[in-house]
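Sequences and hints are given; from them, build the entire structure.
Keeping their order, the protein sequence lines are chains A and B. Once you know that position 100 of the first sequence is 100 in the working numbering, the rest is easy, because the numbers rise by one and skip nothing. Once you know that position 49 of the second sequence is 49 in the working numbering, the rest is easy, because the numbers rise by one and skip nothing.
No lab work stands behind these hints: they were computed from the structure. The reader is advised that the hints may include incorrect statements.
Heads up, the list lumps identical chains together, so a pair's fine if it works in one copy or across two of them.
What the hints assert, rightly or not - Distance condition first, Cα-Cα at most 20 Å in a straight line; then the derived SDA-like pairs of lysine to any residue:
1) LYS75 - GLN96
2) LYS60 - SER113
3) LYS31 - ALA68
4) LYS60 - ALA112
5) LYS75 - SER64
6) LYS75 - SER113
7) LYS60 - PRO98
8) LYS100 - ILE199
9) LYS60 - ASP237
10) LYS75 - THR209
11) LYS224 - PRO80
12) LYS60 - THR233
13) LYS60 - THR187
14) LYS83 - ASP215
15) LYS60 - THR190
16) LYS31 - ARG41
17) LYS60 - TRP10
18) LYS60 - LEU117
19) LYS83 - THR178
20) LYS75 - HIS63
21) LYS83 - THR235
These numbers come from a predicted model, not from an experiment.
Protein chains: 2
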Amino acid sequence: MPSDRKTPLWESIANDLRGAIAAGHYKPGDKLPTEAELAARFGVNRHTVRQALSHLIDAKIAHSRRGAGTFVLAKPTEYPIGKRVRFHQNITASGQRPTKSHLSIETRACDASEARLLQLETGAPVVVSTGISLADALPVAMFQSTYPADRLPGFAGALAAHSSVTKALEACGVTDYTRASTRISATAATATQAAALQIAQGAPLVFSTSVNVDDQGTPVEFGKTWFPGDRVTLTFDE
Amino acid sequence: MPSDRKTPLWESIANDLRGAIAAGHYKPGDKLPTEAELAARFGVNRHTVRQALSHLIDAKIAHSRRGAGTFVLAKPTEYPIGKRVRFHQNITASGQRPTKSHLSIETRACDASEARLLQLETGAPVVVSTGISLADALPVAMFQSTYPADRLPGFAGALAAHSSVTKALEACGVTDYTRASTRISATAATATQAAALQIAQGAPLVFSTSVNVDDQGTPVEFGKTWFPGDRVTLTFDE
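Right, here's the structure in full:
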């Protein structure tokens, strides 16, 4: 419990939490203890805890999510979009640890829009993977990627084995691939997206669609990606 | 009033409105008549009008904005981001008529962030213009652009006279400028942005910041732009 009675109690608690965050005890994206837990830990009432948390929120050190609690605010991850967009490289370069969590990998017939973008016949088989990309423990993107199955024999298995798209493509003979086009708009998070990305329903998302091609210019991936608007900044340098 | 009694009334009204939209009588972004007006025009009750409007909304021909009415849905405007980003060219190329409405043009001292991006000393004078960009009558962007006043003598007057940034820069001796960098995130529309862009408060916006440089690589503009997420798709081709 704070002992210096000249400093208001809430301020001592705010300083204590600020120190724990600075020391890395709570990392960007981490949930802080609940008001009840903090009140018990510091031996104060919840009103005082709320003052301390409000102070951290005003100072842009934490943010609250309705019904979910208070979280350490992460600086937006810079995500370069260029000729070669590589998730693992991008996140590593921003000083964070990249992981991917696949929700599903399925093979099915492509629809007319996928066929046009991947230069396939409608109904040709495609591998569709969906999942979440994380930087440290924080979800920074939700993706749905579509790959031409006949051009990439064994791709579904390779993707399940490697998790890295670059390595899975390599296993199927694609030694390099480049971004042919990127299209960007914004959309409000659905309930499913909000749950997967740990954000509020309706929160603004950057919605990107992109086509990657091999060294012959043949499409090898059509990707849809949803980035939480306050966690990721896409950067483009000419 | 529709006379073919085999077609449900609401469907005749929906077809009538669909025809008027197809004929260009109501253009993308236009507000359709109110339920009361349509009920009076077609001699039916408001329930029937509501059925007709729901049909247009389901068919993605119109959309309703809470408290504001029903509007003809516009296909998103494609907005290419590349080496040379020109608002008038971009909107004209998408088959629409570009206009800009300036809300303010002021000269003031720049802050530390503007100084860094424009390669100025903090406190150097900058011209800051804010306004709305429209495609046909529909707001497609809200902007705040910052220009180095000392590098561009007479720029504030030129901008007020020309409205086109390209022409105003030309008048100050900048015959060409190119995009050096673009950064993109998403944000929820504030009340002010919502009113200016005629969208709902909290609606998702693409938020772009960019730096344009002259042929010597010297910054001539730092721009912040907010695009309604469902009206504009930014496109990037490698």
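Going down the list of hints, with the structure as the test:
1. LYS75 - GLN96: within (11 Å within a copy, 38 Å between copies)
2. LYS60 - SER113: Between copies, since 18 Å is at most 20 Å while 42 Å is not.
3. LYS31 - ALA68: Within. Shortest intra-copy distance 9 Å satisfies the 20 Å Cα cut-off; inter-copy 39 Å does not.
4. LYS60 - ALA112: Between copies only: 19 Å across, 46 Å inside.
5. LYS75 - SER64: Within one copy only: 15 Å inside a chain, 36 Å across chains, cut-off 20 Å.
6. LYS75 - SER113: Only across copies: LYS75 and SER113 sit 17 Å apart there, 36 Å inside one copy, limit 20 Å.
7. LYS60 - PRO98: Intra 24 Å, inter 38 Å, cutoff 20 Å: neither.
8. LYS100 - ILE199: So LYS100 and ILE199 pass the 20 Å test inside one copy only (18 Å; across, 35 Å).
9. LYS60 - ASP237: neither (28 Å within a copy, 36 Å between copies)
10. LYS75 - THR209: between (24 Å within a copy, 17 Å between copies)
11. LYS224 - PRO80: both (16 Å within a copy, 18 Å between copies)
12. LYS60 - THR233: Within one copy, since 17 Å is at most 20 Å while 30 Å is not.
13. LYS60 - THR187: between (24 Å within a copy, 16 Å between copies)
14. LYS83 - ASP215: So LYS83 and ASP215 pass the 20 Å test inside one copy only (12 Å; across, 24 Å).
15. LYS60 - THR190: between (26 Å within a copy, 18 Å between copies)
16. LYS31 - ARG41: Classified as within; 16 Å inside a copy, 57 Å across copies.
17. LYS60 - TRP10: The answer is within: 17 Å in one copy meets 20 Å, while 52 Å across copies does not.
18. LYS60 - LEU117: neither (41 Å within a copy, 23 Å between copies)
19. LYS83 - THR178: both (5 Å within a copy, 19 Å between copies)
20. LYS75 - HIS63: within (12 Å within a copy, 35 Å between copies)
21. LYS83 - THR235: both (12 Å within a copy, 14 Å between copies)
Of the numbered hints stated above, those contradicted by the structure are hints 7, 9, 18, listed in ascending order.
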